[in-house]
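Asks: Given next are the chains, with one letter for each unit.
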Amino acid sequence: MPGRKFTSTTNYRYGFNGKEEDDEVKGDGNQQDYGMRIYDTRLGRFLSVDPLSKKFPYYTPYQYAGNKPIWCVDLDGLEDLPSTALNKYGEKQVYEITSTTEYGSAGTLSIDVRKKTPSHAQPVTKGMNDIQVYQLAFNRFAEPGKHLIKSNQYIDERLMKAEQQVEYFYSHNVPGWSKSESATRTIHAATTAALFSGNEAYAKASVEQIKIVDTWDYNINIASLAVSFAPIKVYQNINSGLARLSRVINRSASLSDKGFQSAWGTGDLGATMDNLLGKDFSKISFEATETGKVVWSNEQTGFKVIQDPLNKYFRVQNKDGHYVGTDGKQVVTPSNLKGKAAKDYQQQNTHFNY
Amino acid sequence: MTTVNLRKPCIVAPSDDNSVEKLYRGEFNNLECDYFSFSRNKLYEIFETGFFEHLNNKYGLLISDYEQEEIMDKEKLVTILNDDIKKFKDLKHLSFWNDFAKCITTAIEKGTGIFFFF
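In the order they appear, the protein sequences are chains A and B.
Numbered per our numbering, the first sequence spans residues 1 to 354.
Numbered per our numbering, the second sequence spans residues 1 to 118.
If you're looking for bench data, these hints aren't it; they were derived computationally from the structure.
Take the hints with a grain of salt, since some may be wrong.
To be verified - Covered, in the sense of this in silico footprint (three residues per stretch, anywhere, with C-beta under 8 Å from a C-beta of chain B), are these stretches of chain A:
# : stretch
1 : 22-31
2 : 293-307
3 : 312-323
Just so you know, even glycine gets a beta-carbon here, dropped at the ideal spot from N, CA and C.
This is chain A alone, in the form it adopts within the complex (with noise of 0.2 Å):
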């Protein structure tokens, strides 16, 4: 406070955060050494770029703490973690960093934290199967600040690498993601936007500039992951997108869990396209259904190929609404097969993993 300054008798090097004073620099208080950078404190922002800048592409590199001054510290000039929670022992929590990696093409970062204090704290993770942690990861990036932590839990490094991924997703499907605040924040918007409100006109605009950057093959499968998820059709806020996304991913974890992918059998999705569907693009129309299917089809073909981008694999349907093999016809069930029997042989014959 003005007028008010703390004198030690014991010449104390320590200050705001615990962090070590650079007196000399600047004069009393004004500059503090995280370790990782020099915080000036006069405005409330580090003098250098955040090394990991491009774990928090929303934020400006220059922060201190998130922008969360009140709930956050920040460790070593590094990243924000909240400073105010209190386990149910009324113990605050300690974090360190004990690693920094750097992941090849991805470019991203890991940090692997780990608590401290007080010993019996559980991480956030802890009894989620990966698609939960996953679920976390989304909601935490999708609504920041909402999703706090439990006051004896701390965050780990599953969420944190979750988050990651999200990250990337939202990085290598979202045309024009920029690293800048700005863009950054407008994009986060427009992106949560389009991925809860059902966007389509986003969400195709979105398959057009990915077909323009890459090869067919790998357009199918990036613009349809796109697009199965813009198009979720929510009437009433993010949170009923949220409980849509969960159903996807919990009909994924079913279909799993009971095993029926391990009897399909293989396809190529991009042959059967070319070939029931054709080559030329502006024939083919597609929408993402709400369970996060995407439904190619042409109508002068009749065919449609359905495709299931989050378990990867696919189904076509003639113009009948039969389901056939990839080469357009009907499986013919053998005459020994009954009732379940001739049941799974078509399943396992109208399902191609891919």
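Following the hints, put chain B in place on chain A, whose structure we already have.
Replies: Only chain B this time, still in chain A's reference frame:
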């Protein structure tokens, strides 16, 4: 004799074993059955109620769009008719619930089952 049109989502309650067998084999002509179809938008509205997710979780089914599933167990059909439908039945989709209940009733009476072609 009925021919099931698969261009729209539909629910079929075969009336005899021969028709059950045909459905298992992916044959949809000349069936003895009770069936009703509805628009894909209606299907997604019903999905939105959580009814099929409830059935999937409760009975270990995989009812989803562009998939086929069936329920052949009489006890399950009775529970769905007397219990599960009532939990989700709403005025907005009354015709769906009534048609669905009618199909289940047929399946119970004829000792067959119901097939979902979504």
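Asks: Tell me if chain B covers the stretch 22-31 of chain A under the three-residue, 8 Å CB rule, please?
Replies: Since 0 is below three, the answer is violated.
Asks: Count the residues of the stretch 312-323 of chain A whose CB lies closer than 8 Å to any CB of chain B, then report whether that count reaches three.
Replies: Coverage by chain B holds here, the residue count being 6 at a Cβ distance below 8 Å.
Asks: Between the stretch 293-307 of chain A and chain B, are there enough contacts, at least three residues with CB-CB distance under 8 Å, for the coverage claim to hold?
Replies: holds (count 3)
Against the hints set out earlier in the document, a violation occurs for number 1 only.
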